[in-house]
Structures are given as C-alpha cells and as structure tokens.
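A.B. asks: Chain by chain, the residues:
Number of protein chains: 2
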Amino acid sequence: MASKPVLYSYFRSSCSWRVRIALALKGIDYEIVPINLIKDGGQQFSEEFQTLNPMKQVPALKIDGITIGQSLAILEYLEETRPIPRLLPQDPQKRAIVRMISDLIASGIQPLQNLSVLKQVGQENQMPWAQKAITSGFNALEKILQSTAGKYCVGDEVSMADVCLAPQVANAERFKVDLSPYPTISHINKALLALEAFQVSHPCRQPDTPAELRT
Amino acid sequence: MASKPVLYSYFRSSCSWRVRIALALKGIDYEIVPINLIKDGGQQFSEEFQTLNPMKQVPALKIDGITIGQSLAILEYLEETRPIPRLLPQDPQKRAIVRMISDLIASGIQPLQNLSVLKQVGQENQMPWAQKAITSGFNALEKILQSTAGKYCVGDEVSMADVCLAPQVANAERFKVDLSPYPTISHINKALLALEAFQVSHPCRQPDTPAELRT
Numbered sequence: 004m005a006s007k008p009v010l011y012s013y014f015r016s017s018c019s020w021r022v023r024i025a026l027a028l029k030g031i032d033y034e035i036v037p038i039n040l041i042k043d044g045g046q047q048f049s050e051e052f053q054t055l056n057p058m059k060q061v062p063a064l065k066i067d068g069i070t071i072g073q074s075l076a077i078l079e080y081l082e083e084t085r086p087i088p089r090l091l092p093q094d095p096q097k098r099a100i101v102r103m104i105s106d107l108i109a110s111g112i113q114p115l116q117n118l119s120v121l122k123q124v125g126q127e128n129q130m131p132w133a134q135k136a137i138t139s140g141f142n143a144l145e146k147i148l149q150s151t152a153g154k155y156c157v158g159d160e161v162s163m164a165d166v167c168l169a170p171q172v173a174n175a176e177r178f179k180v181d182l183s184p185y186p187t188i189s190h191i192n193k194a195l196l197a198l199e200a201f202q203v204s205h206p207c208r209q210p211d212t213p214a215e216l217r218t
Numbered sequence: 004m005a006s007k008p009v010l011y012s013y014f015r016s017s018c019s020w021r022v023r024i025a026l027a028l029k030g031i032d033y034e035i036v037p038i039n040l041i042k043d044g045g046q047q048f049s050e051e052f053q054t055l056n057p058m059k060q061v062p063a064l065k066i067d068g069i070t071i072g073q074s075l076a077i078l079e080y081l082e083e084t085r086p087i088p089r090l091l092p093q094d095p096q097k098r099a100i101v102r103m104i105s106d107l108i109a110s111g112i113q114p115l116q117n118l119s120v121l122k123q124v125g126q127e128n129q130m131p132w133a134q135k136a137i138t139s140g141f142n143a144l145e146k147i148l149q150s151t152a153g154k155y156c157v158g159d160e161v162s163m164a165d166v167c168l169a170p171q172v173a174n175a176e177r178f179k180v181d182l183s184p185y186p187t188i189s190h191i192n193k194a195l196l197a198l199e200a201f202q203v204s205h206p207c208r209q210p211d212t213p214a215e216l217r218t
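Going down the list, the protein sequences come from chains A and B. Residues in the first sequence are numbered from 4 upward in steps of one, following our numbering. Residues in the second sequence are numbered from 4 upward in steps of one, following our numbering.
Worth flagging that the hints you see were computed from the coordinates, not collected in a lab. Treat the hints with care, since some could be wrong.
Given that identical chains are not distinguished, each listed pair holds provided it fits within a single copy or across any two copies.
Straight-line alpha carbon distances no greater than 30 Å define the calculated DSS-like cross-link-like pairs of lysine-lysine that follow [said to hold, decoys possible]:
1) Lys122 with Lys97
2) Lys65 with Lys154
3) Lys122 with Lys179
4) Lys122 with Lys7
5) Lys135 with Lys7
6) Lys42 with Lys97
7) Lys135 with Lys193
8) Lys42 with Lys154
9) Lys97 with Lys146
10) Lys42 with Lys146
11) Lys122 with Lys29
12) Lys42 with Lys135
Use the sequences and the hints to build the structure in full.
C.D. replies: Below, the structure is given as structure tokens:
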C-alpha cells in the first residue's frame with residue numbers, strides 16, 4: 004500500500020495553507036511535519052530539510068515517491084493525479100483566468116511580503132512594505148474579480164484561485180491592510196471561510212499553532 | 004478567420020521573453036505591441052493598458068477573444084490549446100518537476116528583482132538586492148537541476164522550465180551575478196541559446212530593442 008503523503012508545513016505560511024486547503028478539498032489523507040520558520044533560527048535551514056527542498060521554503064509535499072516544492076506545482080500535480088473534485092474548470096479559457104488569478108497572488112503579491120524579504124527590508128519598514136505589496140496586488144485583483152467572480156473567484160465553483168485567495172487575505176489582515184476598498188475580495192473570502200476545507204486547514208487550527216493563537 | 008494573437012511585450016522583460024519563446028517554439032504567428040516600462044513614466048500605467056491588464060505589467064496576451072496576464076498562465080493556456088510541440092512532459096511526476104522549477108523562478112526569483120521592487124529599494128541598493136535574490140534562487144536551482152537535467156532542465160526535451168531559465172540567466176548577467184558556481188545552469192543556458200526559438204525571441208532582437216543594444 005502506498006504510504007500517506009507527508010506535508011512539510013508551517014501553520015502561518017500562506018503557501019502551506021494553499022496546499023492544506025487543496026488536500027482537504029480533495030479529501031486526501033496526509034501527515035504533517037511542522038517546520039518552524041522562526042525557531043532555532045529557522046528549521047527550514049537545517050541540512051535535513053534543505054535536502055528535501057533546496058529552496059529552504061515550505062511547503063514541500065512528499066507524495067507518490069517524489070518530493071514537490073512550490074505550492075502551485077503541488078496543486079497542479081494534485082489536480083492531475085487526484086482530479087476530483089476539480090480545482091480547474093473544464094473550459095481552457097476559464098482555466099487560464101483561474102491560473103492568471105492564482106499567479107497574480109503567487110508571483111505578484113506573496114513573494115514580496117514573505118518572511119525572508121521582510122527580514123531584508125528591516126524591522127521599521129516591514130509593515131509599510133508588506134502593505135504596499137498587498138494593496139498594489141489587491142487593487143488589480145479587485146478589478147479582475149469584478150468581472151470573473153460568482154460566489155467564488157471564477158464563477159460559482161471553488162478553484163485554485165480561491166485556494167490562493169483566502170491565505171492572501173489572511174496575510175493582508177495580519178499586516179493590517181484596510182480591506183474596505185475590496186468588497187469583491189472580502190465577499191469571496193467570507194464565502195470561502197465558511198467552507199469546511201478552509202476551516203480545517205486554517206492557520207489557527209494546525210498541530211504547530213501556538214496555544215495563544217488557537218481558536 | 005481568427006485574428007492573430009497580440010502580445011504586449013517589453014524587449015527586456017524576462018517574463019515577456021518567456022512568452023515570446025513559447026510562441027516561437029510552438030510556431031504561433033503573433034503581433035507585438037511594445038509597452039515601454041521606462042518611457043513616459045512607464046507606458047504600463049496608461050489607462051488603456053490598465054484596462055487590458057490591471058496588474059500594470061507585461062506580458063499580456065490577447066488570444067482567442069480573451070486577454071491573459073501572468074506569463075505562466077499564458078504558457079499553460081498555450082500548452083492546452085496548442086499542445087504541439089509540448090512544453091510539459093506526459094508523465095505527471097515529470098510535469099510536477101517542470102512546474103516546480105518554473106515556479107521557483109517565476110515566484111521565487113524574478114518577482115524579487117523586477118523593476119518595481121528595485122525602484123523601491125533605492126538606486127544604491129539595487130545591485131546587491133538583485134544579486135542576493137538571484138544567487139539565493141540559483142543556489143537551490145543548481146542543486147535541483149543536478150538531479151533532473153539532461154540536455155535541458157528536465158531530461159532532453161525543452162520544457163516550460165527552460166522557457167523560464169534562459170530569461171532568468173539573462174537577468175543574472177545584467178545584474179553581474181557570478182555564474183561560475185552554477186555549471187549546470189550555465190550549461191543548459193548555452194544549449195538553449197543555440198535554439199532558434201530562443202534566438203528570434205531574444206531581447207536584443209525585438210521591434211522595441213534600442214539600436215545600441217541590438218546584435
């Protein structure tokens with residue numbers, strides 16, 4: 004029997020949360036190995052973890068005998084090997100829109116406000132730097148979603164774009180971004196957080212969530 | 004008859020180059036509309052362009068009646084609608100590795116050294132900032148490629164990963180990154196630059212390439 008997939012994850016990492024949502028949506032049973040990005044100077048820098056993922060980042064997923072880094076590559080692999088329920092629409096044009104929104108978040112917003120970049124800009128600049136990255140991305144995203152959204156990012160089916168959206172909104176809240184200019188984003192996020200897969204995978208409910216952040 | 008795809012592109016944008024390579028590899032005839040990211044304070048900020056791509060970034064591709072932003076979303080759409088020659092292997096595990104390498108570059112390196120971020124870090128910090136982003140990503144990439152590469156990034160077939168690699172190496176050279184610690188990256192890059200699709204799409208050979216940079 005094939006062994007369970009193993010997810011290397013940090014409770015607060017928005018990219019780890021993307022993968023946890025997808026695993027939950029698809030009903031895939033898995034084990035979590037927490038990698039604490041802060042403790043011991045960052046457990047992602049250990050020799051052992053670097054062998055698994057030379058990028059020294061979470062998430063990484065051990066599955067079917069390989070280890071995949073990069074959350075969107077993981078989502079695409081899950082979609083190809085465990086297609087039900089689907090995270091990409093059938094229509095190629097809608098798939099393109101879903102991927103465009105996913106990439107907008109995964110390449111255009113998140114990398115600019117992740118932990119390693121914020122370390123580089125210095126303590127006092129972290130909040131304005133992260134806020135700028137997120138508002139600039141959300142300004143574009145809000146416009147796009149106004150023409151693509153139904154109940155969720157693209158129509159009424161949960162897709163890869165939604166899997167990226169909710170964790171990015173959580174980051175926005177952490178960095179105290181004013182969400183009032185983004186009614187479409189906020190509305191979709193609310194609908195997503197009502198879904199069980201988004202709840203069980205939530206940063207406040209992980210094995211490595213500190214007691215004071217649990218809800 | 005369907006109209007030709009229109010690519011909004013800037014000669015030096017590495018993300019635009021990715022799409023130009025894919026269009027060339029797949030033999031897709033297209034028109035280029037140059038968007039100068041410097042001139043007039045940045046033509047990507049014009050009302051007209053923002054309507055096309057609210058992210059105010061190149062590339063954007065008008066094709067089959069839709070406009071797609073984000074280079075990897077464009078590559079995936081081209082792959083799904085014009086599958087020959089393929090940019091993703093048939094085997095799902097190899098596809099995952101190709102996408103992981105592509106995302107490592109597209110989310111893990113390029114966004115940290117793009118024009119808008121470099122503007123933010125200030126003139127005197129630009130070179131060291133860009134060099135750090137690229138060397139940190141290339142350190143990981145070199146390790147990964149040592150176990151995946153044949154003639155190209157993943158085996159002996161040109162893939163999406165290669166489409167991302169050559170433009171990133173060009174950026175590394177522009178930012179004077181020492182490439183000697185990266186023999187596998189350098190070797191693959193050399194093989195790629197020998198291919199016609201990489202040559203015709205090269206930044207030094209675009210309609211908007213300034214005369215002094217043409218070769």
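A.B. asks: All hints, please: hold or fail.
C.D. replies: Hints versus structure:
no., hint, verdict
1, Lys122 with Lys97, "neither (37 Å within a copy, 34 Å between copies)"
2, Lys65 with Lys154, "between (33 Å within a copy, 26 Å between copies)"
3, Lys122 with Lys179, "both (18 Å within a copy, 24 Å between copies)"
4, Lys122 with Lys7, "neither (35 Å within a copy, 45 Å between copies)"
5, Lys135 with Lys7, "neither (40 Å within a copy, 37 Å between copies)"
6, Lys42 with Lys97, "neither (41 Å within a copy, 34 Å between copies)"
7, Lys135 with Lys193, "within (23 Å within a copy, 38 Å between copies)"
8, Lys42 with Lys154, "neither (39 Å within a copy, 40 Å between copies)"
9, Lys97 with Lys146, "within (17 Å within a copy, 36 Å between copies)"
10, Lys42 with Lys146, "between (39 Å within a copy, 25 Å between copies)"
11, Lys122 with Lys29, "neither (35 Å within a copy, 42 Å between copies)"
12, Lys42 with Lys135, "both (28 Å within a copy, 23 Å between copies)"
Going through the hint list in order, the structure does not satisfy hints 1, 4, 5, 6, 8 and 11.
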